[in-house]
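> If you read the sequences in order, they're chains A and B.
Using UniProt numbering, you'd call the opening residue of the first sequence number 1 and step up by one each time.
Using UniProt numbering, you'd call the opening residue of the second sequence number 1 and step up by one each time.
A few of these clues could be false.
What the hints assert, rightly or not - Listed below are the simulated DSSO-like cross-link pairs for lysine-lysine, each with C-alpha atoms no more than 27 Å apart in a straight line:
no.	chain 1	residue 1	chain 2	residue 2
1	B	K252	A	K2
2	A	K20	B	K252
3	A	K52	B	K48
4	B	K113	A	K2
5	A	K55	B	K113
6	A	K25	A	K168
Stated by the list, open to error - Calculated Cβ distances over 12 Å to all of chain B for the following chain A residues:
no.	residue
7	T223
8	D275
9	M375
Hint data in this document are derived by calculation from the structure and do not stem from the laboratory.
Every residue, glycine too, gets a C-beta built ideally from N, C-alpha and C.
Here are the chains, one letter per residue:
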Amino acid sequence: MKAEYNPDRWFRREIQIEMKNLQEKLSKYVNCDSSDIVILENASNGINTILKSIKFHSNETILYYNIAYGMVKLTLQYISSEILTPEQCVEIILDHQTIQNTDLLLKTTEDTLDKIKNVKLIVFDHISSVPSILFDVETMIKFFREKGILTLVDGAHAIGAIPIDLKKLDPDFYITNAHKWLYTHRSASLLYVKKDFQNLIHPIITSFGYLQPFQDEFFWLGTKDYSAYLTISDALDFRQTIANENQIYSYMHQLANQAGNLLAQMWNSSILTLDEKYISTMNNIQLPLTIDTLDKKDNLYKKLVNDYNIFLPMYEFDKKFYCRISAQIYMELNDYEKVGNIVLDIIFNRDPPPNTAQKKNISTILFISLILYVMQLY
Amino acid sequence: MKEFIFPSLILFGIISFVYPFGHSLLPLFSLDPSYININHGSYGSAPKYIHDKLREYQMKAEYNPDRWFRIEIQNEMNKLRNKLSKYVNCDPDDLVILENVSAGINSILRSLKFQSNETILYYNIAYGMVKLTLQYVSTEIFTQEQIIQIELDHQTIQNTDLLLKKTQEILNKLSNVKLIIFDHISSTPAVRFDIEKMIKFFRRKNILTIVDGAHAIGGIELNLKELDPDFYVTNTHKWLYTHRSSSLLYVKKDLQKFIHPIITSFGYLQSFQNEFFWLGTKDYSSYLTISDALDFRQTIANETEIFSYNHQLAIQAGNLLAQMWNSSVLISDEKYLSTMNNIELPFIIDTLDKMNILYQNLINKHNIFLPMFEFDKKFYCRISAQIYMELNDYQTVGHIVLNAISNMKFVPFLKKKNDYFRFV
């Protein structure tokens, strides 16, 4: 409404001040210099910005892990077809062992590094998507920095779920979505670029900030509604009214842990990670063992959506089938118990779906249509 | 005579009812009632109805986010494209919705592969963002000589034959021109071009056409089948009353396989439509208000009536201000105008400094945002018409400008005082 009251004043005067205030507040929250972060629409934007700005020479390589998010892999694919060559993007495979042991992970990485020269950059997750694992990025960043490799950290799930201390972590590039776990309006994200590299990075939309400082270049990207970004400040306030940050992190982490154990018990399966330090606010539980093919997994997914209005992400990893649950401050353990039972109901073909509301609605509509049609005849 | 007066009154009453344009429409918008918005063209303005619908969509997304993003949004966007494609007369598969024209222009210019001997042309009046994107592309990808500017002056800008003649002169000196980018309705100055003729001209020479129609949709009639450009971009939040911000990108079928969005995501290697749909999580609600904006317009008047009111008002306001300021309008033939007009500022404003001082003065002391610019050695301002505006609004602004200028007569004296104003 502020924007509507006087659009010119909002866009030419007020929004700059609001965004500056926001950046100051946000930079304190993630502990970095306010001039080193910019607000973008989403992590996809941030990843594309970094990968499409950096000039890679024809002998340089980019590394990534097999569990990288689909969008990241596709962007790397785009770059390797349109700009570089396919050999320049190399995947490192992680399995259920290496994914939850930083030493083994770095050892596997080292094996790849020995075979490849001129690795310029590596992309890796802070908290991966599927499966959802919390990585020790501080150790990993130090490892890569010693080798002179740029680190692009995909922290899409990080802010609001775990503490982020960018000064301590010290990545070269860091991206996180504020609308996932920080309760901001969809969608807003943060892109951090280490000072030395800011002159190399350009936004994917060139506009009035071109050839000006980093901050100006990333501010003007065409007319947009900045309101979602500004809710970052309000989201931080909102959280304070609920509890302090540690309490919020702790509740969600514990709930994810307990929910995972509960479901594993109910389904007689197991959770992917043995040590809870490798999960954040999500957990990966192996599906009941009867779900052993992609088709069965897809059928279960669809049935949950269509008949029970449950969206449970499922995926295959290292030859097993898992689902991912997310904790949240409005959730309780019995929610996951319910879902666990529903999954068992479906698998063992028990009681018909409780939610026949959809079917009821259709028959009601047909009935009323019939009445109206009959009335028309008179 | 009496028999004539009474029906005339009735007719007048009917006309006022059918054409409710002017201040009576202001309550439908959320503008500050005391604010005279003579610059609708920059950021647009959406009626309250649109914001209600926006909120509805956002609440639907919140009710069940997974269902919204994984299932419902595709249906809604398909319906929207079908409706919008009828409005602009094209195949629904040939248009995609993006955030703004800047995204559209960048998508095209960064997707096309140019050979080292190929040239891109543009006009001097192209929008700043377009020029900067061309500069970026020419620095990062090609060599500088390959991006060539064609100069237009006050004569060639308002005469299609002269414009094309000038363009031909440049073309004669160059080889391998691959693409030209030009406005449908330029920004500063605001001129409406006969792009149908221009597109035909360039197609005969096998030059690709990118048309920057940022100000077009909702301001003038848009018929893409008839115009037949290779690429067309337009902002719906400028003149179509949608929520900020959303835009349309049209790409001719044969060229769709060459164009990729600036964000690569899940649609990569799929169809044109899929590639441009998934660009990371976003709030699609402003896009969906395009449909509601089209409905809203129908409740006010039909499209031709809306175009006509704004067009006529822009002409009248321009003439009025030129008279008040003893200056002139840039464009003499109204067919080169859409819903905006360019009036030469009072002659006392004859340097960039004076123009900037006047601009700041109007904002700080009078809450008036009046875009000003230099073109072909003269200083102009740009006014926008709108369905909630009336001629007396521009008269008020005309007086305010004259007052502001008369207070600036003591410029050397004021120069010191200006520092105070900056802190106020």
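> When the structure is checked against the list of hints, which entries are broken? Sort them ascending.
Failing hints, ascending: 1, 2, 3, 4, 7.
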